[in-house]
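Take the sequence shown: its position 13, counted from the start at 1, is 13 in this note's numbering, and no numbers get skipped.
Check before you lean on any hint, since a few could be wrong.
[What the hints assert, rightly or not] Ranges of calculated distance between the beta carbons of each label pair, as one might list FRET restraints:
1. Gln42 to Lys18: 36 to 44 angstroms
2. Lys53 to Lys31: 30 to 38 angstroms
3. Leu26 to Ser55: 22 to 30 angstroms
4. Glu49 to Lys13: 20 to 28 angstroms
5. Gly22 to Lys53: 37 to 45 angstroms
6. Gln42 to Ile19: 15 to 23 angstroms
Simulated from the structure, these hints should not be mistaken for lab results.
All C-beta atoms in this analysis are idealised placements derived from N, C-alpha and C, irrespective of residue type, glycine included.
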Amino acid sequence: MTDTYETKVERLKEIIAKIEDGNTSLDESMKLYEQGAVLIKQCETMLAEAELKISTL
């Protein structure tokens, strides 16, 4: 099962909070950043697909 757009956005919020809290190591922050970048790309793709679907209706 794939995650919904909303689930991905919630995970992004968690990642941002963890990076900003100041208690995360540089190594972990970099890993979180990379995960966030992937999630952003996935969200952008989902939005583009939704926009295309709406424009064809």
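Next on the checklist: If I claimed the Cβ atoms of Glu49 and Lys13 lie 20 to 28 angstroms apart, would that claim hold in this structure?
Outcome noted: Hint holds: Cβ distance 22 angstroms, inside 20 to 28 angstroms.
Checklist entry - Should the hint that Gln42 and Lys18 are 36 to 44 angstroms apart at their CB atoms be regarded as holding? => result 19 angstroms, violated
Checklist entry - Is it true that Lys53 and Lys31 lie within 30 to 38 angstroms of each other by Cβ? => result Since Lys53 and Lys31 have Cβ atoms about 33 angstroms apart, the given range 30 to 38 angstroms holds.
Item to check | Satisfaction of the hinted span 37 to 45 angstroms by the C-beta atoms belonging to Gly22 and Lys53 | outcome: Given about 41 angstroms between the Cβ atoms, the range holds.
Checklist entry - Do Leu26 and Ser55 keep their Cβ atoms within the hinted range of 22 to 30 angstroms? => result For Leu26 and Ser55 the Cβ distance comes to about 43 angstroms; the hint is violated.
Item to check | CB-CB spacing for Ile19 and Gln42 relative to the 15 to 23 angstroms hint | outcome: 18 angstroms, holds
The structure is inconsistent with the numbered hints 1 and 3, although it conforms to all the rest.
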